[in-house]
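K.L.:
Chains F and B, in that order, are what the protein sequence lines are.
At position 38 of the first sequence (counting the first as 1) the number is 38 in our numbering, and the numbers step up by one without a gap.
At position 43 of the second sequence (counting the first as 1) the number is 43 in our numbering, and the numbers step up by one without a gap.
Heads up, some of the hints might be wrong.
As the list claims (entries may be wrong) - If you want a taste of the chain B side facing chain F, the calculated C-beta under 10 Å gives, among others:
id, residue
1, Met2
2, Arg3
3, Leu4
4, Met36
5, Leu45
6, Ser49
7, Gly52
8, Val53
9, Ser57
10, Ile60
11, Leu73
12, Leu82
13, Thr85
14, Gly108
Unchecked claim - The calculated BS3-like cross-link candidates involving lysine-lysine, where the alpha carbons are at most 27 Å apart (straight line), are:
id, chain 1, residue 1, chain 2, residue 2
15, F, Lys25, B, Lys37
16, B, Lys37, F, Lys98
17, F, Lys25, F, Lys98
18, B, Lys13, B, Lys96
19, B, Lys96, F, Lys98
20, B, Lys90, F, Lys98
21, B, Lys48, B, Lys96
22, B, Lys102, B, Lys48
23, B, Lys90, B, Lys48
24, B, Lys90, B, Lys102
25, B, Lys13, B, Lys48
26, B, Lys13, B, Lys37
Quick caveat, the hints were computed from the structure, so don't treat them as lab data.
Remember, it's a predicted structure, so these values are computed and weren't measured experimentally.
We treat Cβ as the ideally placed atom computed from N, Cα and C, and that holds for glycine.
Here's the letter readout for the chains.
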Amino acid sequence: MSVVVQVLLLLGCLLILLASIGGVKFPDTLTRMAAVSKSSTLGVVLLCAAAALHFGDVYMGGLLGLAALVLFLGIPVSSYLMGRVRVRNARIIPLQLKRNDLQSDEPSV
Amino acid sequence: MMRLIWTLEVLLKFAWDFCVAVLQVVSWVFRPNRSMKPAIVRLPLDIKSEWGVWWLSLIIFLIPGSMVVRVRLDLGLLYVHLLHTDDADKDMQILKSRFEHKLRLILGEVKS
């Protein structure tokens with residue numbers, strides 16, 4: 001059991017590390033957000049799973065499951081709001097895009 | 001009864017796509033930025049209900065590498081930002097066929 005916990009912890013930490021490296025390396029805001037917010041979600045969920053297995057009782061498991069659920073519901077909302085603001089400002093600070101349908105559909109935005 | 005099976009199917013497909021996409025995003029950490037092709041693509045929706053749009057955009061959001069940057073409920077459009085895409089229209093088609101039709105079945109918008 002402790003081996004499983006350790007493997008999960010290692011994987012989670014590795015994912016969060018790689019996500020944050022991506023956050024430094026990627027070219028613009030939207031790609032950075034894609035890297036940081038979503039890969040680290042899986043990382044944190046893996047950490048939660050490891051903790052639940054480690055403590056191994058129903059109360060702790062439920063609590064950590066709830067934490068993971070809140071994460072899954074909260075991260076999309078926050079990153080949607082950030083992404084929307086960033087896209088609105090794309091005229092002032094250009095984004096690195098190969099194709100932009102939003103610009104061609106709504107030139108005023 | 002069928003709804004339960006469809007829901008499970010969507011959940012399993014989502015879990016699979018989620019893991020694959022995490023690996024894809026992580027693999028871009030080790031590849032040069034030059035070859036990355038980000039794009040904002042429009043996705044015309046067949047789903048009409050607000051719940052359906054909500055679920056679909058939640059799924060698009062949680063799959064790493066793609067996120068919704070603008071929702072036009074009046075026109076039935078989502079604008080999706082993709083981290084990397086070679087053929088954006090094909091990716092949109094895959095997204096639609098994998099999730100949207102099943103979501104419509106679950107929400108009872110179409111009969112199978």
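K.L.:
Could you work out which of the previously given hints the structure breaks and list their numbers from low to high?
P.N.:
1, 2, 3, 5, 6, 7, 8, 11, 14
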